[in-house]
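Residue numbers (the working numbering): 1 to 293.
Hints may contain errors.
Below 20 Å or equal to it, Euclidean Cα-Cα: the simulated SDA-like pairs (lysine to any residue) are [what the hints assert, rightly or not]:
hint, residue 1, residue 2
1, Lys-215, Asn-138
2, Lys-200, Pro-182
3, Lys-215, Ser-235
Pair ranges (Cβ atoms, derived) [unchecked claim]:
hint, residue 1, residue 2, range
4, Leu-172, Arg-266, 38 to 44 Å
5, Ile-137, Arg-60, 53 to 59 Å
6, Gly-277, Pro-129, 22 to 28 Å
7, Asp-59, Arg-179, 18 to 24 Å
8, Ala-247, Pro-97, 42 to 48 Å
Simulated from the structure, these hints should not be mistaken for lab results. Small disclaimer: the values here were computed from a predicted structure and weren't measured. We put the beta carbon where it would ideally sit given N, CA and C, even for glycine.
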Amino acid sequence: MLVGLVPFDSARWGTTARDERGAAYQTPWFFRDPPESLQDYNEFREQDTAATLVLATPDRTHNFQLVEFYPAGSTGLRAYQRRYRHEHALITAHLNPETGLYDAFSVYGASAARPFSEAQRQLAELVFPHMREALRINQCLQLERIRPRGDGYQWVMAICDAAGRLRFAEPLFFELLIREWPHGSRQALPAELTQLASSKQVAKLIGRTVVFCVKVAHNSAYIYARPRMQADGLSRRELDVARQVAAGLSHKEIAKVLNISPATVRHHIQAVHEHMGVHNNAELTTKLRNIDL
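Please model the complete structure; the sequences and the hints are all you need to start from.
Below, the structure written as structure tokens:
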């Protein structure tokens with residue numbers, strides 16, 4: 001849509017952190033801009049005075065003639081700018097107060113003879129909030145498609161990168177996060193969850209009051225959270241037995257599957273009933289349903 005209103009040759013969009021070296025892009029989306037450009041940029045990003053200005057003045061689109069804007073001493077960054085044909089740029093950033101990250105959008109013109117106009121700058125600044133809202137809606141719909149459903153509860157969700165930096169989170173996710181870690185930050189995951197996010201596999205953390213599950217896909221980690229339930233306090237063996245009960249197996253069948261005696265099965269089922277406050281296996285099955293992803 002924007003390219004029809006503000007002609008450009010390449011673009012980059014994504015979340016950006018701000019550290020001691022400047023702007024640190026977090027797995028952005030590229031449009032006719034080679035992904036390897038981000039790796040090259042990382043070598044010189046402390047020289048990027050344009051990014052410093054943009055992050056210091058959020059919600060304002062800046063119009064740069066980069067070859068003139070970068071200081072003469074920024075030889076590495078100037079070579080990078082020429083290599084990827086970033087002659088002109090319209091760059092905007094918005095600080096997300098919940099995550100502490102910036103939503104950043106850059107469009108580039110490749111011809112030195114075709115700078116962006118002031119009218120195009122204003123138009124890009126006008127459109128950017130609508131692009132952010134469209135992305136937010138898309139993320140909400142994406143989470144809704146993959147959200148598991150349980151009886152009497154609902155998983156709430158968030159998206160982060162492998163370093164534990166939140167890209168998007170539902171409001172109720174923050175409530176559960178603070179419930180489990182009252183003195184933690186809303187803008188970064190606790191170390192326990194960050195470790196799971198970087199594990200590249202499905203993982204589960206049973207906290208004092210909240211249960212978290214993490215699934216990693218591509219460069220993102222999807223975090224599922226729900227209040228802790230009675231079933232979460234079962235031992236591993238008790239939970240194994242309870243799941244077999246929910247699957248409809250008899251005592252003898254459970255004993256064979258788990259390689260334990262029928263008497264041990266009966267003992268575990270009794271302990272599970274008492275722990276979960278149920279009177280029969282039908283109630284147990286209902287309470288156990290969908291406690292996992």
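Cross-check of the supplied hints:
no. : hint                          : verdict
1   : Lys-215 x Asn-138             : holds, 19 Å
2   : Lys-200 x Pro-182             : violated, 27 Å
3   : Lys-215 x Ser-235             : violated, 23 Å
4   : Leu-172 x Arg-266: 38 to 44 Å : holds, 40 Å
5   : Ile-137 x Arg-60: 53 to 59 Å  : violated, 24 Å
6   : Gly-277 x Pro-129: 22 to 28 Å : violated, 50 Å
7   : Asp-59 x Arg-179: 18 to 24 Å  : violated, 32 Å
8   : Ala-247 x Pro-97: 42 to 48 Å  : holds, 46 Å
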